[in-house]
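Trainee: Work out the full structure: start from the sequences and follow the hints.
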Amino acid sequence: MISVKTTVNGEERSADVEDRTLLVSYLREHLRLTGTHIGCDTSQCGACVVHVNGKAVKSCTMLAAQAEGCNITTVEGLADGDTLHPVQAAFREYHGLQCGFCTPGMIMSAVDLIRRIPDLDEPTIRQELEGNLCRCTGYQNIVKAIKSAAEQMAS
Amino acid sequence: MISKPNFTGIGAPIQRKEDKRFITGQGQYTDDIARPGQVYAAFVRSPVAHARIKEIDASAALELEGVLAVLTGAQLKEDGIAGLICGWTVQSKDGSDMIAGEHPALAVDKVRYVGDHVAVVIGTTNHIARQGAELVGVDYEELDPVVDLESVRGANPVHEEAANNVCFEWELGEKEPTDDAFGKADHVTKLDITNNRLIPNAMEPRAAIGEYNQAEDHYTLYTTSQNPHVARLVISAFVGLAPEHKLRVIAPDVGGGFGSKIFIYAEEVVCLWAAKKVGKPVKWTGERSEAFLADAHGRDHISSAELALDKDGKFLGLRVKTIANLGAYLSTFASAVPTYLYGTLLSGQYQIPAIYVEVDGVYTNTAPVDAYRGAGRPEATYLLERIVEKAARELSIDPADLRKRNFIDQFPYQTPVIMNYDVGDYHASLEEGLERIGYSDFETRKAQSEAAGKKRGIGFSTYIEACGIAPSAAVGSLGAGVGLWESAEVRVNPTGNVEVLTGCHSHGQGHETTFAQLVSHRFGIPIESVEIVHGDTDKVQFGMGTYGSRSGAVGMSAITVACDKVITKGKKIAAHLMEVPADSVDFEDGLFLGKDSNKSLAFGEIALAAYTAHGFPTDEIEPGLKESCFYDPSNFTFPAGCHICEVEIDPETGELDIAAFVAVDDFGTVINPMIVEGQVHGGLVQGIGQAILEGCTYDKESGQLVTGSFMDYTMPRADDVPSFDVGMTVTECPSNPVGMKGCGEAGAIGATPAVINAIINALGVDSIEMPATPERIWRAANGL
Amino acid sequence: MYEFNYKKAGSLDEAKALLAGADDGKLLSGGQTLLPTMKQRLAMPSDLIDIGSLAELKGIAVSGDVLSIGAGEKHADVASSSEIRSALPALADLAGMIGDPHVRHMGTLGGSISNNDPAADYPAACVGLDATIHTTDRSLSAEEFFVGMFETALSETEIVVGVDFKVPQKAAYMKFPNPASRYAIVGVMVAQYASGPRVAVTGAGPSVFRQMEMEQALASDFSPGSIEAIRQSPESLNSDLHASADYRAHLVGVMAKRAVEKAS
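Residue numbers (my numbering), protein chains in the order written: chain A, 1 to 155; chain B, 1 to 784; chain C, 1 to 264.
Think of the hints as simulated: they come from the structure by calculation, not from any bench. Incorrect hints may have been included.
Unchecked claim - Heads up, incomplete: computed chain C residues facing chain B, CB under 10 Å, no partners named:
id, residue
1, Tyr2
2, Lys39
3, Gln40
4, Glu235
5, Ser244
6, Asp246
7, Tyr247
Claimed, not checked - Derived Cβ-Cβ restraints for the label pairs, each shown as a range:
id, chain 1, residue 1, chain 2, residue 2, range
8, B, Ala60, A, Pro123, 53 to 63 Å
9, B, Ala163, C, Arg231, 47 to 57 Å
10, A, Gly69, B, Glu216, 43 to 53 Å
11, B, Gly154, C, Ser155, 54 to 64 Å
12, B, Asn782, A, Glu122, 26 to 36 Å
13, B, Lys184, C, Arg231, 48 to 58 Å
14, B, Glu655, C, Asp240, 12 to 22 Å
15, C, Ser11, B, Gly66, 54 to 64 Å
Yeah, the Cβ is synthetic: ideal placement off N, Cα and C, and Gly gets one too.
Mentor: Right, dumping it as structure tokens:
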């Protein structure tokens with residue numbers, strides 16, 4: 001067992017976990033932040049994407065221990081009180097979600113993508129979503145939502 | 001009404017009510033639920049495709065600290081828990097019932113596919129349960145598995161009851177008139193075709209929590225289900241785990257289903273049973289690998305088809321012989337999919353005077369096969385649209401023109417395969433499709449592609465499907481074990497807001513929004529005043545769930561009728577309050593109006609009056625305002641449309657680019673066009689996925705699943721597909737009060753043949769197998 | 001995942017000592033291959049020694065015709081480094097094609113080459129760009145380093161510290177990805193040096209290899225046309241559900257030609 005201290009969504013958190021605990025389990029089971037999802041076991045679907053020190057990572061492919069001392073943002077920490085993050089708002093406005101399961105990972109990936117490449121066109125967005133699977137939307141409205149959010153955030 | 005600002009009623013593309021919880025991480029999926037004291041289940045799954053179980057040795061697992069129990073099929077049997085069932089009895093040509101092999105929740109003496117459930121280990125943590133599962137020793141006596149569809153007869157029987165591995169030999173249509181049509185034909189087009197097997201892969205893996213309250217002798221099941229009431233019915237009436245009133249089934253937020261979460265699975269039964277055994281809530285969350293192995297798969301047909309035409313290209317007859325893979329066990333609706341959801345759609349949008357189809361449903365040592373988005377209809381559409389396009393090629397008739405020559409244009413139209421189409425306008429959707437894709441300029445684009453060393457092709461699919469299943473009497477006569485009506489209860493609260501309880505289940509479809517739009521429209525009240533309740537057998541009395549694009553046509557019809565009953569009662573109350581005759585009150589835009597007076601009362605005022613009930617003539621008007629409906633439709637609905645795909649192929653590598661894709665669909669009345677378009681997009685990508693990316697492969701010798709993870713099973717990604725041009729034409733459905741036909745599956749039904757026809761057109765070949773991977777395209781393009 | 005002990009190394013020396021002291025220790029750098037393998041219960045190391053944050057493994061520097069990259073540098077940082085973009089854009093391009101954005105935020109150069117997945121991209125860069133691989137114990141050429149499928153010359157306790165890539169006159173990497181996993185079905189790095197061209201192929205065979213026939217042809221004429229007629233033999237190439245050996249052999253030719261085109 002090890003004690004893992006992190007800052008999650010601005011709050012200092014700590015939990016005693018087994019060494020083998022993945023970051024996603026630390027968040028979901030120990031901190032009960034269940035917005036981060038697990039959709040596969042081969043590190044491909046991206047439902048578990050969170051930000052660690054400002055960068056999008058797959059929380060199913062990182063040990064909680066590796067996140068010791070890190071600043072973590074999950075989908076629960078994105079909105080500012082009742083004010084949605086522009087990416088969250090755009091997903092709703094453009095119907096970028098259906099069942100909602102891939103959505104937290106999609107949104108966290110999109111926020112990271114806009115940070116890295118503010119000026120986004122459709123082919124770039126599609127390519128950059130390589131690490132996120134969605135089975136419902138056919139991606140079209142996700143792409144629209146990200147493009148719109150990027151434009152809004154740039155202005 | 002649509003022109004009104006802030007309009008939220010029928011036809012308004014409003015944002016979804018349910019989204020806020022999903023975009024902020026507040027959704028509640030089954031795996032997000034933690035019950036006090038819960039322990040964890042891990043399944044011991046068969047590593048071999050076909051074997052007798054000689055011995056199960058649980059001793060090492062039981063020694064592991066934290067393992068609470070190792071439970072097997074023998075114990076399940078001892079406890080009197082019966083196996084899973086198939087709810088649809090199909091009859092063979094000779095009138096005999098299909099042969100349903102036994103389907104225990106945990107294998108008793110035999111395993112029948114890789115991933116089959118052998119035993120369950122209950123541990124205090126997930127890690128311990130899984131480790132325990134690895135420690136269970138199973139002695140298998142291996143048998144040769146049956147994998148190849150073409151050689152099931154004479155192979156080892158999967159079930160002793162079905163010696164030839166044949167579950168049923170079904171037929172539909174009339175053989176002799178069809179043979180006669182071929183006798184008179186000027187041209188016969190023949191096609192051998194495979195409909196590749198798919199793995200549904202909803203993004204949320206299946207999960208279940210079973211809970212048992214000893215004091216009340218009451219069970220609760222939290223599960224990833226598209227139809228919690230049917231799950232309760234099957235687990236009670238057939239599995240015999242608990243009577244219905246002692247079992248509550250909750251399907252909370254569910255992360256997509258596409259059919260795969262309709263069925264009642266072993267894990268659900270086992271978690272409930274184990275919860276009583278160990279006296280603690282038992283949770284199982286499937287890993288993706290388990291989903292690949294043991295979720296019901298889709299499609300998997302091989303067929304030979306023949307189309308008879310006269311010299312003018314008019315269709316005279318269609319003959320089809322199909323072998324459908326049912327997998328190792330009959331899943332909940334497995335038998336209906338390759339029969340009544342397949343053969344009945346083989347007339348497509350065309351006048352085909354004679355059709356005869358034979359389907360052999362066979363067992364193999366592979367995962368069970370059942371409904372996957374479209375369920376039978378994609379298989380029918382793929383076969384028909386491929387053979388029509390092939391006929392056009394053989395006769396040198398423009399494929400759009402050949403379709404037009406044969407379109408049904410008089411309604412109602414009785415096909416030779418049961419269905420009676422009520423309404424449609426197939427020319428309209430094709431014409432709009434041709435316009436949108438720019439068909440007249442295709443040759444120019446093709447020349448441009450060729451100049452760049454690429455090959456360009458265009459492919460069509462003018463599909464029809466049958467949704468809104470359906471009239472209970474009709475499905476009953478065809479073998480369904482259940483009625484397929486839908487229920488609704490509309491509860492108006494004293495303060496004028498409304499709760500609507502529906503037997504449908506939303507797992508991405510947006511019912512919380514569209515159902516509320518309907519009610520808000522009907523009652524003239526703000527959409528914020530309407531709440532939709534679903535997915536809990538303790539709240540909703542009964543319902544048949546969501547699949548087959550039925551929730552609009554059937555579920556919303558039930559709500560409409562219940563709303564109308566509320567209005568009827570409201571009018572009575574209004575008449576009493578206004579002191580006018582009951583038949584002299586109208587209801588419009590949220591107001592009850594005295595026809596011959598200037599009196600009016602708002603919906604909210606009537607709601608309050610219904611509950612205060614002061615001075616009611618209680619022999620005429622009961623207090624309260626709540627109505628319900630069990631709605632049974634008069635017919636199936638027939639969404640139809642035209643999908644056109646244009647592809648550009650790099651012959652040097654076989655890479656394919658979907659250069660353009662147009663979908664023009666007729667879904668009847670549309671409640672929320674934004675949501676409907678979203679359904680189309682998602683369906684199209686699943687249809688395109690089948691055509692070029694997805695294919696489940698088992699090793700033919702060993703029965704091992706080769707495509708067992710996302711590393712090998714190609715899921716469509718954002719950069720695999722284009723943005724789609726989606727259009728709609730509308731003929732309102734006359735068979736239900738909303739005029740809706742259903743939109744959930746059309747994309748997956750129509751897209752596949754359009755893509756393959758486009759590839760065939762580009763390459764100038766006769767056929768290509770699905771998925772049309774780069775290597776297959778490269779080989780076809782280069783004659784290899 | 002099976003149980004293991006997590007140990008965070010404070011220095012390379014400590015990491016070596018921890019490795020030596022463990023029953024079956026494994027290094028954890030970015031973890032993007034190791035952790036998925038362990039999740040599938042396909043590996044059960046006794047100890048994971050985290051070297052992910054060692055400063056000794058960081059650094060990107062160009063000196064003369066050598067580009068040095070620390071083993072701990074992440075793919076995303078290599079892909080976006082302005083120094084690499086200007087000195088060796090083909091390498092930045094290659095790093096930007098590994099995995100997906102999230103994987104690139106974690107995965108490292110050292111981790112990738114130490115694993116030597118036959119379908120990984122970096123081995124093609126190392127061999128194609130005539131790299132020298134520095135370990136805690138020695139320096140060796142890329143060709144000495146990559147031994148076979150998932151096999152390198154590294155000893156049990158040896159750790160990759162950094163890689164020196166030789167800056168070419170021109171170079172390009174072309175990749176044909178597996179449609180499902182997005183690993184390379186075939187990836188070809190082509191580079192032109194004063195000493196002659198190099199063509200390194202990943203994905204196609206059990207381990208990265210040089211296509212000597214193409215190198216010879218390109219030596220006399222560095223143009224796509226000069227290798228057009230060269231046929232890679234399918235013999236001993238990989239064959240799977242997604243691509244037969246024949247198809248892979250064909251793609252080696254196409255990707256090489258396109259890489260030359262891009263580099264020219």
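Trainee: Compare the structure with each hint and give your call.
Mentor: Hint-by-hint comparison with the structure:
1. Tyr2: Check passed: Cβ of Tyr2/C comes within 8 Å of chain B, closer than 10 Å.
2. Lys39: 9 Å, holds
3. Gln40: 8 Å, holds
4. Glu235: 18 Å, violated
5. Ser244: 7 Å, holds
6. Asp246: Nearest chain B Cβ about 8 Å off; hint holds.
7. Tyr247: For Tyr247/C, the interface hint holds, since the closest Cβ of chain B sits about 5 Å away, which is under 10 Å.
8. Ala60/B <-> Pro123/A: 53 to 63 Å: 54 Å, holds
9. Ala163/B <-> Arg231/C: 47 to 57 Å: 52 Å, holds
10. Gly69/A <-> Glu216/B: 43 to 53 Å: Check passed, 48 Å falls within 43 to 53 Å.
11. Gly154/B <-> Ser155/C: 54 to 64 Å: For Gly154/B and Ser155/C the Cβ distance comes to about 56 Å; the hint holds.
12. Asn782/B <-> Glu122/A: 26 to 36 Å: 32 Å, holds
13. Lys184/B <-> Arg231/C: 48 to 58 Å: 54 Å, holds
14. Glu655/B <-> Asp240/C: 12 to 22 Å: Once the Cβ atoms are compared, 18 Å apart, the range 12 to 22 Å for Asp240/C and Glu655/B holds.
15. Ser11/C <-> Gly66/B: 54 to 64 Å: Distance hint for Ser11/C, Gly66/B is violated at roughly 37 Å.
Against the hints set out earlier in the document, violations occur for numbers 4, 15.
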